[in-house]
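Student: The primary structure of each chain is shown beneath.
2 protein chains.
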Amino acid sequence: MPLFNKVAVIGTGLIGGSIALGIKKKKLAREVVGVSRHKKSVFLALKMKVIDQGSVSFKIIKGADLLIIAIPVDAILTLKKRILKYIDKGCIVTDVGSTKEKIVNCLEKTFINYIGSHPLAGLEKRGIVNARPCLFEDSLCILTPTKETSFLALKKMRELWKGLGAKTIILTPKIHDSILSFVSHLPHIIASVLINSIPRDSLRFASGGLKDTTRIAASDALLWRGIFLTNRKNVLKAIESFENNLAKIKSAIKNSNAKALEKILLQSKKIREALE
Amino acid sequence: MPLFNKVAVIGTGLIGGSIALGIKKKKLAREVVGVSRHKKSVFLALKMKVIDQGSVSFKIIKGADLLIIAIPVDAILTLKKRILKYIDKGCIVTDVGSTKEKIVNCLEKTFINYIGSHPLAGLEKRGIVNARPCLFEDSLCILTPTKETSFLALKKMRELWKGLGAKTIILTPKIHDSILSFVSHLPHIIASVLINSIPRDSLRFASGGLKDTTRIAASDALLWRGIFLTNRKNVLKAIESFENNLAKIKSAIKNSNAKALEKILLQSKKIREALE
Numbered sequence: 001m002p003l004f005n006k007v008a009v010i011g012t013g014l015i016g017g018s019i020a021l022g023i024k025k026k027k028l029a030r031e032v033v034g035v036s037r038h039k040k041s042v043f044l045a046l047k048m049k050v051i052d053q054g055s056v057s058f059k060i061i062k063g064a065d066l067l068i069i070a071i072p073v074d075a076i077l078t079l080k081k082r083i084l085k086y087i088d089k090g091c092i093v094t095d096v097g098s099t100k101e102k103i104v105n106c107l108e109k110t111f112i113n114y115i116g117s118h119p120l121a122g123l124e125k126r127g128i129v130n131a132r133p134c135l136f137e138d139s140l141c142i143l144t145p146t147k148e149t150s151f152l153a154l155k156k157m158r159e160l161w162k163g164l165g166a167k168t169i170i171l172t173p174k175i176h177d178s179i180l181s182f183v184s185h186l187p188h189i190i191a192s193v194l195i196n197s198i199p200r201d202s203l204r205f206a207s208g209g210l211k212d213t214t215r216i217a218a219s220d221a222l223l224w225r226g227i228f229l230t231n232r233k234n235v236l237k238a239i240e241s242f243e244n245n246l247a248k249i250k251s252a253i254k255n256s257n258a259k260a261l262e263k264i265l266l267q268s269k270k271i272r273e274a275l276e
Numbered sequence: 001m002p003l004f005n006k007v008a009v010i011g012t013g014l015i016g017g018s019i020a021l022g023i024k025k026k027k028l029a030r031e032v033v034g035v036s037r038h039k040k041s042v043f044l045a046l047k048m049k050v051i052d053q054g055s056v057s058f059k060i061i062k063g064a065d066l067l068i069i070a071i072p073v074d075a076i077l078t079l080k081k082r083i084l085k086y087i088d089k090g091c092i093v094t095d096v097g098s099t100k101e102k103i104v105n106c107l108e109k110t111f112i113n114y115i116g117s118h119p120l121a122g123l124e125k126r127g128i129v130n131a132r133p134c135l136f137e138d139s140l141c142i143l144t145p146t147k148e149t150s151f152l153a154l155k156k157m158r159e160l161w162k163g164l165g166a167k168t169i170i171l172t173p174k175i176h177d178s179i180l181s182f183v184s185h186l187p188h189i190i191a192s193v194l195i196n197s198i199p200r201d202s203l204r205f206a207s208g209g210l211k212d213t214t215r216i217a218a219s220d221a222l223l224w225r226g227i228f229l230t231n232r233k234n235v236l237k238a239i240e241s242f243e244n245n246l247a248k249i250k251s252a253i254k255n256s257n258a259k260a261l262e263k264i265l266l267q268s269k270k271i272r273e274a275l276e
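From first to last, the protein sequence lines stand for chains A and B. Note that UniProt numbering gives residue 88 to position 88 of the first sequence, counting from 1, and the numbers run on in steps of one. Note that UniProt numbering gives residue 95 to position 95 of the second sequence, counting from 1, and the numbers run on in steps of one.
FYI, nobody ran anything at the bench for these hints, they're computed from the structure. Some clues are possibly wrong.
It does not matter which identical chain is used: a pair holds within one copy or between any two.
What the hints assert, rightly or not - Under the rule of at most 35 Å between Cα atoms (straight-line distance), these lysine-lysine pairs were calculated in the DSBU-like manner:
hint : residue 1 : residue 2
1    : Lys162    : Lys259
2    : Lys26     : Lys233
3    : Lys174    : Lys125
4    : Lys248    : Lys80
5    : Lys259    : Lys102
6    : Lys24     : Lys248
7    : Lys233    : Lys250
8    : Lys248    : Lys269
9    : Lys59     : Lys250
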């Protein structure tokens, strides 16, 4: 028997589309329906067989026993009431937002069976055309239950993500947001600042190093704006930690302090090499 | 007829080894000899057929009509006199150092037929085991002639790099160092600072974004220490430009200024997307 009867996905982009494709491929639900803002996107999702039925109206989610909200974090906050109308009591609700404290706090007051998810998988490319059923295979998905979360919602969401190939880990929303501000939000800020700091007429000399370092600066601007603003305090702390380390290497270079510079570079080499 | 009779490579690492392999593959010289600090490296270079003859002594470079110095920039400055003894008058000398003003200024006083090269190709992995004859194919190699550079040296080095598959471009050492401080040295500093700023216990949550952004932090620490210290003033200017841009995005986040934040993120997205 599939894990769910009817899964509804709001937002059929890269993440929502990949979840829908994965659910269909692994037969984790009898039916997958999708909602998108634009008719064109619904049409494309149907054509690509990402969903079984689609609509621009939330009506279609009626009767779902799992609702996955896969839209930018700021959009979730404005749409939640319009979604609530069509949700059955027993329906489990999750989102895939990249920040959790604000979202979880808001959504668990709105939906009875809510639990936050954050799959740590993605590409700098967005959109349903890049969606793939295997996007979450061998990835990590953070679940952020609270005291309010029902045991059933937690259990079923662990099974869903496991079914999609992801390993799940449980963190509080607060700890999630603090960790993510460093390992995800800070790199995006740094990549953006770095590419904005290169004189335009020098870009033709860019080699692999600059390209690697700034690849994620090509990510969706509005999505990341929402992430930074819903995790403001943690992001500012992460920037300050970066500033402190930047001041150290700058001072070593300024003072031609070869020893201090070597120590810093050896430390970063060691940490980075251990990463993969 | 090959471009050169006897090519000598000092430093048979990734770059020196790849040049030697490329020269042999494209038959750009009758003979390629190599010098390394360690007997083990010489043995490996011979075994891998990167060079025809090798030694730990500079004596072996005698009679070369092209000498390629492929060792870290600070090592070049200390070894130049020991090399000079074995150089014939007509021998063309080049280096592949990543900074040029200091090196060129020093080497053109030492060698008659000197011209600086900087192939913009490399990997974060070093050593002869990673050397490959095609490393420079479709890459850019900057040549930095000065008023002192002989026409012949410039002409023959253009032909050599072209033979190895690289497009050559001519810049003054001063302009080279200014451009590279932004497109190459700054990204290395930023990658190092970034990985050093992530709390150790959060690294297990690192996804592709952080890994891409910090990949070059795994580069050779001593090599990059030399690069930063021989290009100090330009590197400090590049860091200051970065600091100014970091202050801007930090202020936008601090003040929840969604419009300013969007503008910054859209700008970096546009620049990065145009890069490849």
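Student: Now tell me if each hint is right for this structure.
Tutor: Hint check results:
1. Lys162 - Lys259: For lysine 162 and lysine 259, neither the intra-copy (48 Å) nor the inter-copy (39 Å) Cα distance is at most 35 Å.
2. Lys26 - Lys233: This pair counts as neither: shortest intra-copy Cα distance 39 Å, inter-copy 58 Å.
3. Lys174 - Lys125: Classified as within; 28 Å inside a copy, 38 Å across copies.
4. Lys248 - Lys80: between (45 Å within a copy, 32 Å between copies)
5. Lys259 - Lys102: So lysine 259 and lysine 102 pass the 35 Å test across copies only (21 Å; inside, 44 Å).
6. Lys24 - Lys248: neither (51 Å within a copy, 45 Å between copies)
7. Lys233 - Lys250: both (26 Å within a copy, 11 Å between copies)
8. Lys248 - Lys269: The answer is both: 16 Å in one copy and 29 Å across copies each meet 35 Å.
9. Lys59 - Lys250: Neither: 57 Å inside a chain and 41 Å across chains, both beyond 35 Å.
Checked against the numbered hints given earlier, the structure breaks hints 1, 2, 6 and 9 and satisfies all the rest.
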